[in-house]
Amino acid sequence: MKILVFTEKPFAPAAVKAIQNVINAAGEDMVLVERGTRQDLLQAVRDVEGLIVRSDIVDEEVIASAPKLKVVVRAGAGYDNIDLKAATDHGICVMNTPGQNSNAVAELVFGMIVMMCRNKYNGTSGSELKGKSLGIYAFGQVGRNVARIAKGFGMNIKALDVFVADDVMIEQDVIPVHDVNVLFSENDFVSLHIPATPETKHSIGYDLIVKMPKNGVLVNTARKEIIDEDGLLKALEERPDLRYVSDIKPDKAEEFEKRFAERVFFTPKKMGAQTGEANFNAGVAAAEQTIAYLKDGCNKYQVNKCK
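Just so you know, our numbering puts 1551 at position 289 of the sequence shown, and the rest follows in order with no gaps.
Rather than coming from a laboratory, the hints here were simulated on the basis of the structure.
Only a predicted model underlies this, so the values are computations on that prediction, with no experimental measurement involved.
Beta carbons are placed, not taken as given, at the ideal position from N, Cα and C, and that holds for glycine.
Honestly, I wouldn't trust all of these hints.
[Said to hold, decoys possible] Calculated pairs, SDA-like style, for lysine to any residue (alpha carbon to alpha carbon, straight line, at most 20 Å):
hint : residue 1 : residue 2
1    : LYS1463   : GLY1340
2    : LYS1332   : VAL1376
3    : LYS1413   : LEU1391
4    : LYS1392   : ARG1410
5    : LYS1473   : LYS1413
[Said to hold, decoys possible] Computed beta-carbon distance windows for the label pairs:
hint : residue 1 : residue 2 : range
6    : GLU1519   : ASP1469   : 22 to 28 Å
7    : HIS1464   : PRO1438   : 22 to 28 Å
8    : ALA1288   : ASN1384   : 51 to 57 Å
9    : ASP1428   : GLU1499   : 34 to 40 Å
10   : ASP1558   : ARG1521   : 52 to 58 Å
11   : PRO1475   : VAL1565   : 32 to 38 Å
12   : ALA1515   : LYS1271   : 17 to 23 Å
13   : VAL1565   : GLU1499   : 37 to 43 Å
All chains, please: the whole structure from these sequences, using the hints.
Right, dumping it as structure tokens:
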């Protein structure tokens, strides 16, 4: 069987070697296409049983071009780049690799928070994190790592996640919150980790953001689609004390930077998982999950329902 590793943004060389070792050790063949175009993907996917991608788009056209394809694994947590319905209609299993990038994303959260608390290191007096309150919106693997790091700063931590029992949070010295309005109104910092779904898209807007305490900082390492950009612009206009940082550049990035240059920051591309360690871990996990599914039907991290 052939397994295609297709990445517009390549894995690190060490990760590629480790992925190949996993696939070859199982007696399978790896096809590697790095910095590939869409046409490259449509061509390469024609005769493979497994597909490993990062943020590359796997839509109906790609899936229809792959008659032998049985499994797609996204090397990372988010999987909105994959058309789950099309995969399900074709009987293809889709999996992600949860937890492999979580520490990298959590560390970036605090890198951006500290930068904004110190006024982008512009020489003026900033503020400290000790004793401040942090609200975590979604308490999955990334959220839990954010909480772990926040404890080291001496912060007070609250979290909201309807899918996580209160006891799980309490065991980690995190106060459960059950109302998103409370999460925003009671925390100096709010860190977003919710997925982009029909229910969450554009759900973070003016009404929530203006509830934040004075000098509040909103951090987004999730998806840009969850932000109502017009609402955020209005909130920043009315509240000159508020700040917004993200590793996902907004659609209206130029307007944000022109109007609120000192109070916003965006990485040039999504950087949460851009560490050598996360790159390696996610790639190897994707290879192991692909092999496990093709060999034994193991679908532990499946995110769709195959017919």
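Here is what the structure says about each hint:
1. LYS1463 x GLY1340: holds, 14 Å
2. LYS1332 x VAL1376: Roughly 44 Å between the alpha carbons, so the hint for LYS1332 and VAL1376 is violated.
3. LYS1413 x LEU1391: holds, 10 Å
4. LYS1392 x ARG1410: holds, 14 Å
5. LYS1473 x LYS1413: Violated, at roughly 24 Å.
6. GLU1519 x ASP1469: 22 to 28 Å: With a Cβ separation near 24 Å, GLU1519 and ASP1469 satisfy 22 to 28 Å, so the hint holds.
7. HIS1464 x PRO1438: 22 to 28 Å: holds, 26 Å
8. ALA1288 x ASN1384: 51 to 57 Å: Between ALA1288 and ASN1384, where Cβ atoms are some 53 Å apart, the hint holds.
9. ASP1428 x GLU1499: 34 to 40 Å: holds, 37 Å
10. ASP1558 x ARG1521: 52 to 58 Å: holds, 55 Å
11. PRO1475 x VAL1565: 32 to 38 Å: Distance hint for PRO1475, VAL1565 holds at roughly 36 Å.
12. ALA1515 x LYS1271: 17 to 23 Å: holds, 19 Å
13. VAL1565 x GLU1499: 37 to 43 Å: Since the Cβ atoms of VAL1565 and GLU1499 sit about 38 Å apart, the hinted range of 37 to 43 Å holds.
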